[in-house]
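Protein chains: 2
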Amino acid sequence: MNFNAALENIKSYEAGKPIELVVREYGIDKDQIVKLASNENPFGCSPKVKEAVCAIIDNMALYPDDSMVKLKTALSDKYKIQANELIIGAGSDQVIEFAIHAKAHEGSKVLMNSVTFAMYEIYAKQVGAEIIRTASREHKMEEFYALYQEHKPSIIFLCTPNNPTGDGLKASEMVAFIEKIDSNTLVIVDGAYMEYACFKDPAYAVDPCDLIAKFNNVLFLGTFSKAYGLGGMRVGYGIAQDHIIKTLYKVRPPFNITTLSLEAASVALEDEAFVQECIRHNFEEMGRYEEFARAKGIDVIQSYTNFVTLSLPEEKNSSKIAQELLKKGMIVRDLSSYGLNAIRVTIGTSIQNDRFFELTDPLL
Amino acid sequence: MNFNAALENIKSYEAGKPIELVVREYGIDKDQIVKLASNENPFGCSPKVKEAVCAIIDNMALYPDDSMVKLKTALSDKYKIQANELIIGAGSDQVIEFAIHAKAHEGSKVLMNSVTFAMYEIYAKQVGAEIIRTASREHKMEEFYALYQEHKPSIIFLCTPNNPTGDGLKASEMVAFIEKIDSNTLVIVDGAYMEYACFKDPAYAVDPCDLIAKFNNVLFLGTFSKAYGLGGMRVGYGIAQDHIIKTLYKVRPPFNITTLSLEAASVALEDEAFVQECIRHNFEEMGRYEEFARAKGIDVIQSYTNFVTLSLPEEKNSSKIAQELLKKGMIVRDLSSYGLNAIRVTIGTSIQNDRFFELTDPLL
Numbered sequence: 000m001n002f003n004a005a006l007e008n009i010k011s012y013e014a015g016k017p018i019e020l021v022v023r024e025y026g027i028d029k030d031q032i033v034k035l036a037s038n039e040n041p042f043g044c045s046p047k048v049k050e051a052v053c054a055i056i057d058n059m060a061l062y063p064d065d066s067m068v069k070l071k072t073a074l075s076d077k078y079k080i081q082a083n084e085l086i087i088g089a090g091s092d093q094v095i096e097f098a099i100h101a102k103a104h105e106g107s108k109v110l111m112n113s114v115t116f117a118m119y120e121i122y123a124k125q126v127g128a129e130i131i132r133t134a135s136r137e138h139k140m141e142e143f144y145a146l147y148q149e150h151k152p153s154i155i156f157l158c159t160p161n162n163p164t165g166d167g168l169k170a171s172e173m174v175a176f177i178e179k180i181d182s183n184t185l186v187i188v189d190g191a192y193m194e195y196a197c198f199k200d201p202a203y204a205v206d207p208c209d210l211i212a213k214f215n216n217v218l219f220l221g222t223f224s225k226a227y228g229l230g231g232m233r234v235g236y237g238i239a240q241d242h243i244i245k246t247l248y249k250v251r252p253p254f255n256i257t258t259l260s261l262e263a264a265s266v267a268l269e270d271e272a273f274v275q276e277c278i279r280h281n282f283e284e285m286g287r288y289e290e291f292a293r294a295k296g297i298d299v300i301q302s303y304t305n306f307v308t309l310s311l312p313e314e315k316n317s318s319k320i321a322q323e324l325l326k327k328g329m330i331v332r333d334l335s336s337y338g339l340n341a342i343r344v345t346i347g348t349s350i351q352n353d354r355f356f357e358l359t360d361p362l363l
Numbered sequence: 000m001n002f003n004a005a006l007e008n009i010k011s012y013e014a015g016k017p018i019e020l021v022v023r024e025y026g027i028d029k030d031q032i033v034k035l036a037s038n039e040n041p042f043g044c045s046p047k048v049k050e051a052v053c054a055i056i057d058n059m060a061l062y063p064d065d066s067m068v069k070l071k072t073a074l075s076d077k078y079k080i081q082a083n084e085l086i087i088g089a090g091s092d093q094v095i096e097f098a099i100h101a102k103a104h105e106g107s108k109v110l111m112n113s114v115t116f117a118m119y120e121i122y123a124k125q126v127g128a129e130i131i132r133t134a135s136r137e138h139k140m141e142e143f144y145a146l147y148q149e150h151k152p153s154i155i156f157l158c159t160p161n162n163p164t165g166d167g168l169k170a171s172e173m174v175a176f177i178e179k180i181d182s183n184t185l186v187i188v189d190g191a192y193m194e195y196a197c198f199k200d201p202a203y204a205v206d207p208c209d210l211i212a213k214f215n216n217v218l219f220l221g222t223f224s225k226a227y228g229l230g231g232m233r234v235g236y237g238i239a240q241d242h243i244i245k246t247l248y249k250v251r252p253p254f255n256i257t258t259l260s261l262e263a264a265s266v267a268l269e270d271e272a273f274v275q276e277c278i279r280h281n282f283e284e285m286g287r288y289e290e291f292a293r294a295k296g297i298d299v300i301q302s303y304t305n306f307v308t309l310s311l312p313e314e315k316n317s318s319k320i321a322q323e324l325l326k327k328g329m330i331v332r333d334l335s336s337y338g339l340n341a342i343r344v345t346i347g348t349s350i351q352n353d354r355f356f357e358l359t360d361p362l363l
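The listed protein sequences derive, respectively, from chains H and X. For the first sequence, numbering that gives the first Met the number 0 assigns the number 0 to the initial residue and increments by one for each residue that follows. For the second sequence, numbering that gives the first Met the number 0 assigns the number 0 to the initial residue and increments by one for each residue that follows.
No incorrect hints appear here.
Each pair may be met inside one copy or between any two copies, as identical chains are not told apart.
Pairs of lysine to aspartate or glutamate, DMTMM-like flavour, derived with a Cα cap of 25 Å:
#1 K179 - E149
#2 K245 - E7
#3 K69 - D28
#4 K79 - E276
#5 K199 - E289
#6 K77 - E19
#7 K151 - E105
#8 K245 - E19
#9 K49 - E19
#10 K10 - E105
#11 K69 - E19
#12 K245 - E24
#13 K79 - E19
#14 K69 - E24
#15 K327 - D57
#16 K245 - E120
Source of the hints: derived by calculation from the structure; they are not laboratory data. Quick caveat: nothing in here was measured; it's all calculated off a predicted structure.
Please take these sequences and the hints and turn them into a complete structure.
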């Protein structure tokens with residue numbers, strides 16, 4: 000059977016290995032496995048969320064409230080925006096998919112950073128779009144601007160802080176760049192890790208409310224998968240002016256968020272103190288990774304997220320090291336598929352981090 | 000901002016009104032509302048499912064096992080198929096989306112029944128495909144075949160039992176039709192209500208294992224949203240030969256099923272007795288609807304599902320009747336948007352059904 004030609008050169012997303020897979024493949028006891036590969040919050044979500052979800056367990060049979068009024072109200076309050084400036088996705092991933100399906104097509108161009116979140120390319124290729132990438136590992140606005148002028152892309156992705164490297168883009172620099180972009184180009188600002196950047200340095204904090212007040216061509220993305228500790232529940236969101244949201248709604252499947260996920264995300268927003276305490280702990284522990292890297296003479300990229308990226312020296316191979324760690328039950332992310340000789344490690348609990356240092360020490 | 004031209008003539012899916020919305024709009028007490036609009040199992044899911052989901056509530060932070068091994072194993076066992084003949088979607092809806100994105104494009108033709116599940120058209124229009132429909136309300140294979148010969152569609156949808164009418168297609172008749180279809184046309188057999196048809200009449204039972212053994216161009220769809228009582232958890236599946244599944248995987252977003260939904264669906268398959276008892280009750284109560292309709296002189300379409308479609312006489316307007324019922328807290332589905340002067344009613348518990356008869360009696 001013939002399928003659409005665009006699918007021929009799509010590679011699948013390489014996810015962090017789930018614990019179940021390591022149990023099956025390596026026969027390691029589940030309790031011995033530490034997963035620092037998918038940037039999940041090691042403290043999970045607020046206990047209030049767990050209580051709330053179990054309290055509505057009888058509602059699993061009922062289709063979700065597709066107007067999502069509870070979650071939209073909570074998010075609108077958080078960001079001081081209107082409900083019609085908001086769309087909810089099954090992870091911010093799905094909002095990326097909506098945007099690409101709505102705006103890009105065969106022959107469109109999509110501009111993104113040299114190294115960035117893999118799904119931008121995968122979704123863009125699904126519709127036959129051409130990928131344009133900058134040269135540098137960091138987001139350099141002058142490179143983006145030169146490529147914008149040359150290619151006039153339909154969509155520009157800015158990922159700040161960037162995944163999988165962890166570095167950030169100053170908000171003022173980003174705004175100055177977007178000011179030069181024509182209003183028919185959709186600029187997607189992926190802030191999946193923005194809560195961490197906001198905590199670390201206000202200069203890197205992007206406020207979606209300001210952003211959409213200023214620009215009619217910007218879509219900001221946020222998620223509950225990272226700081227809010229709900230990676231398993233698949234809830235993210237897009238914030239943009241009403242005319243963009245209305246169009247994204249046209250490609251949104253009905254009931255795209257489960258009944259329990261809507262409740263979980265809504266209640267997670269009620270316990271901001273829990274999230275802030277997790278973020279504080281994150282940066283405290285990040286100091287230990289920086290120290291470890293320094294002691295080992297390894298470069299660590301300055302991170303505004305809940306992970307650190309260790310750039311390895313030439314004589315050390317990131318795939319081999321990740322593999323060695325995996326055999327011992329420590330799951331980290333090898334970045335060789337991104338063209339980097341580096342490993343990305345999620346900041347865990349202090350016990351998990353101890354284990355990482357202990358296992359990695361002899362390998363580096 | 001310009002978006003893809005195909006989006007211009009997309010209308011959104013009209014879902015059954017959620018209880019929350021009726022509470023907000025009509026100020027009716029939540030406990031007074033009966034929703035018989037979305038074909039949910041009125042008994043919900045097995046209690047074992049609720050226990051299992053609450054038992055893994057701590058896993059909400061962890062990204063789902065994207066290989067979905069537990070659920071795939073359980074489904075493979077149920078249907079006597081291989082895991083690589085199976086893809087899981089966020090509802091069977093999402094598998095429809097995968098298939099259309101993989102196979103159809105601008106100018107493709109998609110053939111479907113005159114009256115059928117609304118999402119086929121919505122997804123097909125998103126990629127700019129042209130919709131071809133038969134003339135009769137029931138699936139008539141001779142009409143399908145004539146249109147197939149005339150249009151050579153990329154995709155044919157057969158929905159059996161059909162939503163929103165409830166009637167079914169004999170398995171032998173369907174197989175005889177598919178035998179005449181070239182292998183480059185994807186035939187999608189939507190069996191969202193198949194568990195009910197199997198119970199009611201073996202002649203209407205489609206066995207996906209037989210189907211894919213026989214045909215290399217068929218995709219069978221199933222769901223946990225109906226008989227398994229998990230409409231809020233968004234889990235459905237597609238069964239087809241490996242080469243089709245592999246291609247659908249290329250347009251599947253990673254982590255498309257939540258951690259809790261994977262567990263819920265897996266455990267639901269372990270309590271088949273619960274599901275069969277719900278189905279038995281469904282047909283017992285359906286008899287009462289048929290009797291009610293007969294007493295009122297109203298046509299009821301012979302149903303192989305968990306809902307009945309009451310075709311109203313000309314002098315009664317389905318929109319008005321649905322609206323009258325809504326004001327009293329009874330949510331049913333008006334089918335006027337499908338071009339039918341009919342209302343669709345989910346078979347509820349006997350108390351819910353009593354309430355329907357009581358409220359509807361003076362209106363008909």
